[in-house]
Structures are given as structure tokens and as C-alpha cells.
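Visitor: Chain by chain, the residues:
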Amino acid sequence: MFHTQTLELPTTKKQEMIDITKRVRAVVSASNVQNGLCSVFCGHTTGAITINENTDPDVQTDILNALERAVPHNEKYYKHEEGNAHAHAKAAVIGFSETVPVQGGKLMLGTWQAIFFCEFDGPRNRKVTVTVMG
Amino acid sequence: MFHTQTLELPTTKKQEMIDITKRVRAVVSASNVQNGLCSVFCGHTTGAITINENTDPDVQTDILNALERAVPHNEKYYKHEEGNAHAHAKAAVIGFSETVPVQGGKLMLGTWQAIFFCEFDGPRNRKVTVTVMG
Amino acid sequence: MFHTQTLELPTTKKQEMIDITKRVRAVVSASNVQNGLCSVFCGHTTGAITINENTDPDVQTDILNALERAVPHNEKYYKHEEGNAHAHAKAAVIGFSETVPVQGGKLMLGTWQAIFFCEFDGPRNRKVTVTVMG
Chain G
1 MFHTQTLELP
11 TTKKQEMIDI
21 TKRVRAVVSA
31 SNVQNGLCSV
41 FCGHTTGAIT
51 INENTDPDVQ
61 TDILNALERA
71 VPHNEKYYKH
81 EEGNAHAHAK
91 AAVIGFSETV
101 PVQGGKLMLG
111 TWQAIFFCEF
121 DGPRNRKVTV
131 TVMG
Chain D
135 MFHTQTLELP
145 TTKKQEMIDI
155 TKRVRAVVSA
165 SNVQNGLCSV
175 FCGHTTGAIT
185 INENTDPDVQ
195 TDILNALERA
205 VPHNEKYYKH
215 EEGNAHAHAK
225 AAVIGFSETV
235 PVQGGKLMLG
245 TWQAIFFCEF
255 DGPRNRKVTV
265 TVMG
Chain E
269 MFHTQTLELP
279 TTKKQEMIDI
289 TKRVRAVVSA
299 SNVQNGLCSV
309 FCGHTTGAIT
319 INENTDPDVQ
329 TDILNALERA
339 VPHNEKYYKH
349 EEGNAHAHAK
359 AAVIGFSETV
369 PVQGGKLMLG
379 TWQAIFFCEF
389 DGPRNRKVTV
399 TVMG
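Chains G, D and E, in that order, give the protein sequences. The first sequence begins at 1 in our numbering and counts up one residue at a time. The second sequence begins at 135 in our numbering and counts up one residue at a time. The third sequence begins at 269 in our numbering and counts up one residue at a time.
In case anyone wonders, no lab produced these hints; they're calculated from the structure. Treat the hints loosely; a few may be bogus.
Claimed, not checked - Cut-off 30 angstroms, straight-line C-alpha distance, at most; resulting in silico cross-link-like pairs (DSSO-like, lysine-lysine):
1) K13/G x K344/E
2) K395/E x K347/E
3) K22/G x K395/E
4) K14/G x K76/G
5) K261/D x K213/D
6) K13/G x K347/E
7) K213/D x K290/E
8) K240/D x K106/G
9) K22/G x K240/D
10) K290/E x K395/E
11) K147/D x K79/G
12) K374/E x K156/D
13) K240/D x K213/D
14) K76/G x K147/D
15) K213/D x K344/E
What you are looking at is a predicted structure, and each value in this text was computed from that prediction instead of being measured.
Build the full structure now, drawing on both the sequences and the hints.
Guide: And the structure:
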């Protein structure tokens, strides 16, 4: 069985990490899947999907700053004229999908894990597709 | 239902991003899967799978240059003697699989998304395995 | 059919890559799945899952050093007070899941590929969840 739902996600900042765990959990519940997998997919090229801690919001800031250090937004060699080359590269580094186990009708996230949409070129209206199979 | 096909992919440059979207779409069509998921997997350690824009080819150049800045090909601390340590690290950073939703018999890629094989140590004959489930 | 098993994985170093291929293969065998996919998931925020070469152990050292160069452990801008901000960022860069094809009852890894758990803030007791579907 495959249950798919697309989440609409307006972002508000140039770069930010948005916790979408509650919305993904709601799709898992609605699917009635007991045991299987949940795939979370980002349908963009300057946004991405990751998993990380949401207890201390400093972790998100640190991750965004670490990415900025590794892939700065303003490099002379960028040729793409929209000024968001760094956002395309950051999204490629983070990745566009993560797959999480489902057991007993629930997402099997670890104790400290939350699922995040990463915005690297906002604000924009984004879409995240959640597919639950089982 | 699982439908699997392995694509043969000769690369021609030391480092390049090759758009394989058409070939992945053909596997989805051949699978007859209407609703499900499509997994794209790279069976190598110096190549990777990503998703990004293919309208402006400068985006690919910028991503490869941003990766080269973050993980340079010629660092004194590399111990691996084949001279491709950077390629192993770049592949680890980009990742070896992406999973894309399938709806109505079609890949649900976003407007600007294309699927790329990333070559970091070419030219070589590469293989990408596409699995459609639904 | 979905077959899920969680591997317990004690790590011994601050940062290391641990080859878990044999344990993943054992889960695939136990599942009796002939054709399908195998998802490997890391339930942590300072560890990650990747694929790479395990013939020359220098490759692992080079990858860890390349990540340390790109995302240093000791940057003044880190705000997270546990001293492991770099580990959260490295895990985000590597990613938390990989999906590998299964054919003829076996993992379809490429010739040089092994599956690794990446420890970025050890030593700790880690868990990796393997789900085989087919």
C-alpha cells in the first residue's frame, strides 16, 4: 500500500530549517500503515530534506552557518546569474529525500531526531511529498 | 511490485554531472507502476546521485566548483594512493541514492528538477540501478 | 513484505566509519526477500549512513579528514553548548538513510561498495535500522 500526501510549506527567511515532523507524523497516521517505510521528498532545487535535533534551536543555526562556511553564498566563480548558486550546491550536499522506518503505526525516529525542510533561497512557497508504504 | 533496471552510463570527463532523467522516466513507464516510489542508486564509490536544475548548465558547473572548494582534489593529508580521495569524499557528501514519488504513472519531479549522476573520477563506465515500486 | 531489524552498534572512537555491510547482508538473508530494496537508517543526529570503499582503510581516514576540513570541529560561531555542533552538521551533510537494491536475495552493492555507519561524536551506543522490502 502506498499513501502519498503533498505538504504546502511557505518559508519566511532567506535560509532556515523548518521542523515538519508533526506534519509527517500526521500523514503516517492517516495512511493506517503499521509496518513499513516513510519517504520524505523535496520537489525543489534550492531546498532540501534532512534530519536533526530540534531541542536546542542553536543546532539549526550552527548547521546553516557550517554550510555557509563550506559553501559560501558569494563566490567569484559562480556563473549562474540568479545569485543562488550556493543554494543549489547546499541542497545537493544535504539531499532531496530521506527514508524513515514505520513500526506499530509510528515513525521510528530516534530520541533526538526531527525531520526538517531546509530553505536555502527563501522566502518561497515550497512543497514536500510524503509517501508511506507498508 | 518491484521493477528494476540497470542503466549503463559511460562518462567522458574527470568530473561532470550527467542528466539521466529521461532514462529514469523510461524505466518508470516500462514498470507500469501508477502510484509508488522510484529509487535511483549509484553502484560506485567515486560517483553519486543528486537532483538539481538542468535549465541553466551553469548550475552544474557551480555545484562542481563549490564541491571542489569544500573538498579540494589535492590536499596534503590524503593518504589513499590512487589520487582520487577527493572523489570518494565528494560522493559521500552527495550520497548514493535518492527516492522520488511516482503518481499517475509519472515521476513527481518538481518543475526545475532533473536527476543527475555525478562523476568525480572519470571517465569511466558507470552503472545506475533504478527500482520502481508500487 | 517488510522485514525490519535494528542493529545495536557500539562505537569506540570520537570519529570513525564502521563497516556494517555483513550485518546488513544478514538482515537481507533473514528477510527471504528475493527482489526489492533495502533501506538503512541511522536513528541519531550526530551519526550518519554512507556507502564507500573498504578495501583501503585510508579512504575512510581521508573522508573523515575531508569532512573535518569542510566542517571543522572548533569554530567560533558555533552556539550549541555541547561542543558537538560540527557532528550535527557533518551528519546532515552525509545523510541519515541510503536505499540499496536487492536482487536474487542479495544486496546489489557495486564491486567496491560497503555500507558504513559514520560516528561523528563517539564513543556511543548507536542503533541502525535495516528495512528490507520486496
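Visitor: Please go over all the hints and tell whether each is borne out by the structure.
Guide: Hints, one by one, checked against the model:
{"no.": "1", "hint": "K13/G x K344/E", "verdict": "24 angstroms, holds"}
{"no.": "2", "hint": "K395/E x K347/E", "verdict": "27 angstroms, holds"}
{"no.": "3", "hint": "K22/G x K395/E", "verdict": "23 angstroms, holds"}
{"no.": "4", "hint": "K14/G x K76/G", "verdict": "20 angstroms, holds"}
{"no.": "5", "hint": "K261/D x K213/D", "verdict": "27 angstroms, holds"}
{"no.": "6", "hint": "K13/G x K347/E", "verdict": "20 angstroms, holds"}
{"no.": "7", "hint": "K213/D x K290/E", "verdict": "26 angstroms, holds"}
{"no.": "8", "hint": "K240/D x K106/G", "verdict": "28 angstroms, holds"}
{"no.": "9", "hint": "K22/G x K240/D", "verdict": "28 angstroms, holds"}
{"no.": "10", "hint": "K290/E x K395/E", "verdict": "15 angstroms, holds"}
{"no.": "11", "hint": "K147/D x K79/G", "verdict": "20 angstroms, holds"}
{"no.": "12", "hint": "K374/E x K156/D", "verdict": "28 angstroms, holds"}
{"no.": "13", "hint": "K240/D x K213/D", "verdict": "45 angstroms, violated"}
{"no.": "14", "hint": "K76/G x K147/D", "verdict": "24 angstroms, holds"}
{"no.": "15", "hint": "K213/D x K344/E", "verdict": "29 angstroms, holds"}
Checked against the numbered hints above, the structure breaks only hint 13 and satisfies the rest.
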